[in-house]
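Chemist: As you go down the protein sequences, you meet chains E and R in turn. Take 1 as the starting number for the first sequence in my numbering and just add one per residue. Take 1 as the starting number for the second sequence in my numbering and just add one per residue.
The set of hints was computed from the structure by calculation and includes no laboratory data. Take the hints with a grain of salt, since some may be wrong.
Stated by the list, open to error - The list that follows gives simulated cross-link-like pairs (lysine-lysine, DSSO-like), each with its CA atoms no further than 27 Å apart:
hint : chain 1 : residue 1 : chain 2 : residue 2
1    : E       : K10       : R       : K18
2    : R       : K18       : E       : K11
3    : E       : K187      : E       : K177
4    : E       : K24       : E       : K287
5    : E       : K11       : E       : K68
6    : E       : K68       : R       : K18
As the list claims (entries may be wrong) - Label-pair distances were calculated between CB atoms; the ranges are:
hint : chain 1 : residue 1 : chain 2 : residue 2 : range
7    : R       : M1        : E       : G124      : 42 to 50 Å
8    : E       : Q135      : R       : G45       : 25 to 33 Å
9    : E       : G124      : R       : Q44       : 17 to 25 Å
Quantities reported herein were computed from a predicted structural model and do not represent experimental measurements. Beta carbons are placed, not taken as given, at the ideal position from N, Cα and C, and that holds for glycine.
Residue strings, one per chain:
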Amino acid sequence: MAALLPVGTKKGLFLVRANGSGWKVEGPLLPGWLVYHAIVDPRDGTLYAATNNPFYGATVHRSSDLGKTWERAEEIGLPEDSGLKLNATWHIEPGRDSELWLGGDPGVLFRSDDGGLTWDVNRGLLEHPTREKWQPGAGGMCCHSIQLVNGTMYIAISAAGAFRSDDGGESWQPINKDVAADFHPEKYPEVGQCVHKLLVHPGKPDRLWQQNHCGVYRSDDRGDNWERLDENGLPSGFGFGLALDPDDPDVAYVIPEESQEFHYTAGGRLGVYRTDDGGASWTLAGKGLPERAWAAVLREGCSFDGSAVYFGTQSGSVWTAPQGGASWTEAVRDLPPILSVEAADV
Amino acid sequence: MPVVHLPATLAAEAGGQKHFELEATTVGEALRQLPMANLFFDEQGELRRLINVYVDGVDARGGRLLEEPLSESSEVRVVGAVAGGS
Numbered sequence: 001m002a003a004l005l006p007v008g009t010k011k012g013l014f015l016v017r018a019n020g021s022g023w024k025v026e027g028p029l030l031p032g033w034l035v036y037h038a039i040v041d042p043r044d045g046t047l048y049a050a051t052n053n054p055f056y057g058a059t060v061h062r063s064s065d066l067g068k069t070w071e072r073a074e075e076i077g078l079p080e081d082s083g084l085k086l087n088a089t090w091h092i093e094p095g096r097d098s099e100l101w102l103g104g105d106p107g108v109l110f111r112s113d114d115g116g117l118t119w120d121v122n123r124g125l126l127e128h129p130t131r132e133k134w135q136p137g138a139g140g141m142c143c144h145s146i147q148l149v150n151g152t153m154y155i156a157i158s159a160a161g162a163f164r165s166d167d168g169g170e171s172w173q174p175i176n177k178d179v180a181a182d183f184h185p186e187k188y189p190e191v192g193q194c195v196h197k198l199l200v201h202p203g204k205p206d207r208l209w210q211q212n213h214c215g216v217y218r219s220d221d222r223g224d225n226w227e228r229l230d231e232n233g234l235p236s237g238f239g240f241g242l243a244l245d246p247d248d249p250d251v252a253y254v255i256p257e258e259s260q261e262f263h264y265t266a267g268g269r270l271g272v273y274r275t276d277d278g279g280a281s282w283t284l285a286g287k288g289l290p291e292r293a294w295a296a297v298l299r300e301g302c303s304f305d306g307s308a309v310y311f312g313t314q315s316g317s318v319w320t321a322p323q324g325g326a327s328w329t330e331a332v333r334d335l336p337p338i339l340s341v342e343a344a345d346v
Numbered sequence: 001m002p003v004v005h006l007p008a009t010l011a012a013e014a015g016g017q018k019h020f021e022l023e024a025t026t027v028g029e030a031l032r033q034l035p036m037a038n039l040f041f042d043e044q045g046e047l048r049r050l051i052n053v054y055v056d057g058v059d060a061r062g063g064r065l066l067e068e069p070l071s072e073s074s075e076v077r078v079v080g081a082v083a084g085g086s
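Extracted from the complex, chain E is given alone in its bound form (with noise of 0.2 Å):
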């Protein structure tokens, strides 16, 4: 299990410790903000939440000392030129070397180099050729999903799609095909589509996974192709919580919701649903979860590692399992509505 859980809510920033066989929690911090995404830096151990406040705005804190001191952003914004505005922050990704990576709402991109202080933008994403035929989701039009391996980078935008990046960042390609976009005039659109979360596999790099809007689809060849696999026995294709097995590629986990009307879970059961097939078929994880529960997770609101699965609910509690979902422990519950889960070694 992991060490800490960082877990951002709409109140705040709370730390799940592992302590014996149980879980304590330190918290508020943070209190006021709300917290979208918290991890800590594996390079060094700093603790970075992105953070957002209806009054004050969008930024990112950071602690060097677990969450007893804070430091926030000097500045994050777009520039006048682009007559965009930064709604919010969504994600924080550590990069290469001294990277670090941060996506917000309107489908932007930030690199900053000096541990979070300071934040440029991604020109080449923000001046995408295909801008224009992006549009927000229910939850803004948010880059949340940054992810760095063997030289690429891929990010998802909610509703604009996935795209990778062989440059560093300079330009970014659409990997959209064969990804449905129900909700638009074109069903297959180059661009538009709404990926809810988007993971490559930390060992097996080549194979991308997304919990999409309209399904849940595997990739095999970095996206330039994609199979849908919610129709091998989930209850529904729609849905945001997505997890991995770091030491096998073929396994995924998912929480299926009622549907894009109904945020709940689907059949008002508290499912999640395991494939060690690729995706070939599924297979209901659910010992030790309610039974009957109109819960629901949000895009951020699933971690793993080597030897567990963890997620939040918007109902305040944290579940975890061991890798294989064999039985669910609510870990913590009564929390604030949790916007994200993440798993760090500490």
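Let chain E serve as the given structure and place chain R on it in line with the hints.
Modeler: Quick look at chain R alone, frame taken from chain E:
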């Protein structure tokens, strides 16, 4: 000197300090001196829409806002707009 009073979330950005005495002749001059000044303004330098500023109990949005003059005894309160419910 004018005094600026801050709500808890902003005070936390300054180590918990809720009140600042500042040498300033306008609201804008006072706000820009505060350690969390970049939370008041968006990237175009505009005061964020849901931040209200009261000078001696009077809403500065009804006056000259950032250009609203301050006296030596002015009390400036920064207040988030009433937009609750979540």
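Chemist: List, from low to high, the hint numbers that the structure doesn't satisfy.
Modeler: none
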